[in-house]
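Protein chains: 2
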Amino acid sequence: MIKIAVLGYGTVGSGVVHVLETNKDLIAKRVGQEIEVSKVLDLRDFEGDPIQAKITHNYDDILNDDEIKIVVEVMGGVEPAYTFVKQALLKGKHVATSNKALVADKGSELLKIAKDNNINFLFEASVGGGIPIIRPIFSSLTAEDITDIKGILNGTTNYMLTKMGEEGAEYDDVLKDAQNKGYAEADPTADVEGYDACRKIAILTALANEQFVDFNDIKTEGITKISKTDMKYADALNATIKLIGASHKENDKVYAYVAPILFEKSHPLAGVSDVFNAIFVKGNMLGDAMFYGQGAGKDATASAVVADIIDEARNLDANIGYSWSEDKLELADIDTLPMKYFVRVKGDKEADVKSSFGDVRFVKADGVADETAFVTDLIKASELNDKLNSFELITAIKAEI
Amino acid sequence: MIKIAVLGYGTVGSGVVHVLETNKDLIAKRVGQEIEVSKVLDLRDFEGDPIQAKITHNYDDILNDDEIKIVVEVMGGVEPAYTFVKQALLKGKHVATSNKALVADKGSELLKIAKDNNINFLFEASVGGGIPIIRPIFSSLTAEDITDIKGILNGTTNYMLTKMGEEGAEYDDVLKDAQNKGYAEADPTADVEGYDACRKIAILTALANEQFVDFNDIKTEGITKISKTDMKYADALNATIKLIGASHKENDKVYAYVAPILFEKSHPLAGVSDVFNAIFVKGNMLGDAMFYGQGAGKDATASAVVADIIDEARNLDANIGYSWSEDKLELADIDTLPMKYFVRVKGDKEADVKSSFGDVRFVKADGVADETAFVTDLIKASELNDKLNSFELITAIKAEI
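Just so you know, the sequences run in chain order V and H. Mapped onto our numbering, the consecutive letters of the first sequence carry residue numbers 156 to 556. Mapped onto our numbering, the consecutive letters of the second sequence carry residue numbers 156 to 556.
Because the hints were derived from the structure by calculation, they are not lab data. There may be inaccurate statements among the hints.
Pairs count within a copy or across copies, as identical chains cannot be separated in the list.
Simulated crosslink set (SDA-like; lysine to any residue; CA at most 25 Å straight-line) [what the hints assert, rightly or not]:
1) K318 with G426
2) K420 with E321
3) K509 with I549
4) K387 with K420
5) K246 with E419
6) K495 with H212
7) K453 with N272
8) K184 with T491
9) K535 with I206
10) K331 with A345
11) K184 with D369
12) K184 with N470
13) K209 with N540
14) K179 with K437
15) K267 with R199
16) K408 with H173
What you are looking at is a predicted structure, and each value in this text was computed from that prediction instead of being measured.
My request is simple: use the sequences and hints to build the entire structure.
This is the structure:
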């Protein structure tokens with residue numbers, strides 16, 4: 156029997172206990188022995204709940220329990236998670252976490268400590284919830300030079316954009332609806348401003364390039380400026396708008412960004428609706444691949460955490476080699492990469508647009524007047540901004556169309 | 156440096172050499188040492204080609220070369236692949252293969268020999284080409300009781316069905332087109348009758364249930380009876396038809412089959428077009444997930460083979476645990492599982508259909524007369540056939556709608 160401890164008995168923590176109980180027999184068969192949750196760290200007592208007997212309020216009870224071989228960190232946030240995880244690893248305990256903030260910020264150091272101690276620090280659930288993506292990048296796409304990652308990495312914003320696209324609803328209304336359904340927090344900033352997606356694409360970019368990526372370097376734009384009129388235009392273009400965390404490699408430069416992107420409906424990411432997540436990957440040999448599933452949700456996320464626990468239980472005395480270099484990857488400036496843009500400017504400016512941008516694709520939307528909308532050719536953001544100086548800009552959204 | 160040999164210098168074999176050369180440096184970095192193709196077995200000489208120097212016509216040259224640690228079998232077919240692979244494993248050489256026929260037929264025995272010899276027999280490329288699916292099922296979805304697998308596992312038939320759906324083309328015409336494009340063989344039987352998909356779903360079902368599955372037990376229906384009229388009806392139902400290899404677990408019974416299935420367009424599999432493959436997986440904790448990508452193609456398939464080579468090179472002295480029991484899994488009879496069906500019968504039979512089937516969903520297609528089409532509720536195939544005895548059946552297609 157392998158004893159483990161769970162730090163935090165919230166949604167994911169209770170999910171981990173639930174998955175371990177529900178699939179107890181098959182997990183024991185796959186590991187070769189039973190996995191038992193022996194202690195759970197939480198501030199609360201959970202009186203009357205069966206978990207009560209395992210609750211401790213003192214992390215030292217876990218840290219100093221030599222029988223506990225694996226610590227599951229599902230508290231979220233950088234502190235005290237970082238201190239707890241580091242202490243556990245230094246004590247020779249494996250760690251499995253779903254905490255994207257911790258992995259994005261402290262992953263390099265924690266991976267190195269794990270390697271030095273011949274144990275594992277795993278974080279499959281930190282990106283894409285239940286979708287296997289960390290392990291496939293690390294252990295399946297090993298023959299690939301990954302040139303592109305484009306992920307719908309945040310279920311809340313994908314739900315909101317799906318509703319705006321399908322129902323023609325306005326941003327404020329879908330946000331309220333998402334909050335009512337429990338998909339969005341009372342303070343939705345981390346989701347709608349793209350901060351959540353930013354940490355996740357930082358992790359994926361680090362894995363794909365085997366180097367630390369500082370999420371602070373990633374230009375991040377959320378969905379707060381997307382309107383139902385933008386969605387009308389998208390529809391007229393047979394397209395839809397998704398919030399994407401992306402990384403792109405070209406001529407040995409790596410770019411990473413978070414931004415809304417207008418995709419043609421035939422793009423595999425365009426069909427990813429509601430709270431589902433998907434990660435589209437392009438490799439130099441593989442071509443296009445996509446991983447799709449539930450990016451959040453108690454049991455799905457917990458399932459990914461338990462997969463890490465199982466991997467650690469199977470490799471108690473071996474580091475399985477997840478790592479990236481601590482040297483920071485210097486990202487190239489995304490504004491220097493030519494991309495297409497969907498642009499709306501005030502007034503009837505077709506002639507002016509043509510003289511500035513050449514032969515662009517104009518688009519009309521039902522019931523929208525007194526403005527000019529078009530899709531540019533590939534252009535650098537700096538050049539785009541120069542050209543737009545002589546217009547009254549409504550919005551410019553990156554486009555793959 | 157790790158020396159390997161390649162059996163068969165056809166599409167996949169030359170692709171393996173190409174991938175190893177193109178990504179030589181990053182592969183060496185990931186493995187910790189270089190991988191060198193030292194011998195290639197083929198009947199041909201490839202005069203003037205750089206590979207010529209490595210060609211041997213005698214398998215013993217490879218078998219008896221103790222420096223060769225990994226044998227890559229990409230010849231296809233059961234023999235002589237089986238004999239060669241077995242000999243290699245018994246000699247303590249790892250094997251990576253893309254050969255679905257070999258894995259479906261002899262996988263249990265070869266996995267056991269590998270385990271007994273503390274080496275590995277890996278076959279990521281045998282299902283879904285470049286799509287990571289074997290390794291994710293084996294090493295990512297380990298916390299899951301996988302209840303459903305539904306795969307678009309054959310690119311040729313998916314290309315044909317996509318063309319029929321999009322262009323309203325007839326079966327014979329799209330087959331000819333697929334043959335002209337090199338997607339279909341001169342003798343297309345293995346693809347269009349579902350035999351290829353059958354071996355692949357046998358492998359996936361064995362992995363998910365950790366037991367040998369005899370592909371001969373899998374009821375297999377191809378696409379030869381699908382007509383452009385069926386596609387017209389599908390369109391009227393806002394659906395499309397895909398050839399699916401499926402396995403389903405319910406009440407401890409496992410069902411597996413290959414058949415065309417009519418899916419609503421909102422289903423993630425419905426959007427998988429042309430030669431792309433996708434495998435949809437449902438786990439009891441995870442919910443729905445999907446893996447999408449190129450199911451064939453030289454470099455994509457070779458990339459999956461090279462991922463196996465890398466895994467073996469990283470684990471030269473360890474069996475990484477891929478296995479399933481040699482005890483055959485007894486599949487339940489798919490005809491006893493209630494499913495929905497899209498049915499077409501001759502004549503205007505709405506009243507008769509209602510009296511036999513109750514309140515079903517009728518459907519009309521433009522320009523189709525003198526027949527009655529409808530979608531049943533869940534019904535066992537045996538009961539469906541009984542009820543259809545009093546009608547002149549045109550076709551009955553499984554439906555998820």
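Is it within, between, both or neither when you check K318 against G426 at 25 Å Cα-Cα?
-> both (13 Å within a copy, 20 Å between copies)
Between K509 and I549, at a C-alpha cutoff of 25 Å, which is it: within one copy, between copies, both, or neither?
-> within (18 Å within a copy, 57 Å between copies)
Between copies, within a copy, both or neither: which fits K184 and N470 at Cα up to 25 Å?
-> Both. Shortest intra-copy (15 Å) and inter-copy (22 Å) distances satisfy the 25 Å Cα cut-off.
Please work out whether the CA atoms of K184 and D369 approach to 25 Å or closer within one copy, between two copies, in both situations, or in neither?
-> Between copies only: 23 Å across chains, 40 Å inside a chain, cut-off 25 Å.
Taking 25 Å as the upper bound on the Cα-Cα distance, should K535 and I206 be classified as within, between, both, or neither?
-> Neither: 56 Å inside a chain and 44 Å across chains, both beyond 25 Å.
Could you figure out if K387 and K420 sit no more than 25 Å apart (CA to CA) within one copy, between two copies, both or neither?
-> For K387 and K420, the Cα distance is within 25 Å both inside one copy (14 Å) and across copies (21 Å).
25 Å Cα threshold - placement of N540 relative to K209 = So K209 and N540 fail the 25 Å test inside a copy (59 Å) and across (57 Å) alike.
Please work out whether the CA atoms of K453 and N272 approach to 25 Å or closer within one copy, between two copies, in both situations, or in neither?
-> For K453 and N272, the Cα distance exceeds 25 Å both inside one copy (31 Å) and across copies (41 Å).
First find the shortest C-alpha distance between K408 and H173 inside one copy, then the shortest across copies, and answer within, between, both or neither for a cut-off of 25 Å.
-> Between. Shortest inter-copy distance 24 Å satisfies the 25 Å Cα cut-off; intra-copy 44 Å does not.
Identical-chain pair category, K267 with R199, by Cα at 25 Å = For K267 and R199, neither the intra-copy (33 Å) nor the inter-copy (49 Å) Cα distance is at most 25 Å.
Can you tell me if K184 and T491 fall within 25 Å by alpha carbon in one copy, between copies, both or neither?
-> neither (53 Å within a copy, 30 Å between copies)
Up to 25 Å between alpha-carbons, please classify K495 paired with H212: within, between, both or neither.
-> Close neither inside one copy (53 Å) nor across copies (53 Å); limit 25 Å.
When the structure is compared with the earlier hints, violations turn up for hints 5, 6, 7, 8, 9, 13 and 15 and for no others.
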